[in-house]
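Novice: Listed below, chain by chain, are the residues.
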Amino acid sequence: MASSSGNDDDLTIPRAAINKMIKETLPNVRVANDARELVVNCCTEFIHLISSEANEICNKSEKKTISPEHVIQALESLGFGSYISEVKEVLQECKTVALKRRKASSRLENLGIPEEELLRQQQELFAKVSEEAIQAQETARKYCVRAFTRSLLSQSSLCHLSQIVCERF
Amino acid sequence: MAAAAVPVAAAAAAAAAGSEPAGPGEEAGAGPQCPGPARLARLPLARVKALVKADPDVTLASQEAVFVLARATELFVETIAKDAYVYAQQGKRKTLQRKDLDNAIEAIDEFAFLEGTLD
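Protein chains in written order, with our numbering: chain B, 1 to 169; chain S, 1 to 119.
These are calculated hints, taken from the structure and not from any lab test.
For every residue, glycine included, the Cβ atom is placed at its ideal position computed from N, Cα and C.
Fair warning: there could be bad hints in the mix.
As the list claims (entries may be wrong) - Covered stretches of chain B (in silico footprint by chain S; criterion: 3 or more residues with CB under 8 Å from a CB of chain S, positions within the stretch not fixed):
| hint | segment |
| --- | --- |
| 1 | 16 to 25 |
| 2 | 86 to 98 |
| 3 | 122 to 135 |
Isolated chain B, as found in the complex:
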């Protein structure tokens, strides 16, 4: 849905998302199209308002990145304190799941084997493979030589036989 030629100021929350939220909040209520449009634009304004305030709070705190706490403080100072408790709940879940995920992925990565050991095992495997390849080449070469020699011999014995035959007759 993002238009490639739009500039930053044309950004809004997608209509479908807003429609869904309105539907859930007011089921069985019809909503005029221009009302929906207004809600979309209000969302944009809301986000700008909160992020601007959060940015100021962030600058005052001498941090470079806006943290969730800055956003929460912004909500409070702009009169949206009633949103804070729900927002905090969700933030808590967020942190819990992120923590679980980090633990799980590091467990999976390591499987209890340190990196140096894994590297060493890898080198060993590579060495083994090239060793086997060389041996296979050798064997093939030997077979080729034997076959060649045999064919040479059989040719020369044929010659010898034909000579004898020629002499007899």
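Since the structure of chain B is already known, use the hints to place chain S on it.
Specialist: Structure of chain S alone, referenced to chain B:
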């Protein structure tokens, strides 16, 4: 070695125009590190982040901050819709109209920043 395994579904859902239904405990629509509970009306985090960054003064916002802001925006929509609906009911209408929103914006202090929001 990347520590954050990003489920493709989550990234796709976050970028999608609409909101995807999230399974219980699933991460759909939540972005790399912030899955949420099962909620149907999830705002696309990528879009929220883009809106935050549209402000030239804003340098960086953490993912969790964007997530918190998205959730606050959802609450905002719910609140303003409900508040506006009161006016529709007063007018004995079953359809929410733009003027109901205008009334709510005028009447409620916190919505003062919306006065003059153009279409």
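Novice: Does each hint fit the structure? Answer for all of them.
Specialist: Verification of the supplied hints:
{"no.": "1", "hint": "16 to 25", "in the structure": "holds (count 8)"}
{"no.": "2", "hint": "86 to 98", "in the structure": "holds (count 9)"}
{"no.": "3", "hint": "122 to 135", "in the structure": "violated (count 0)"}
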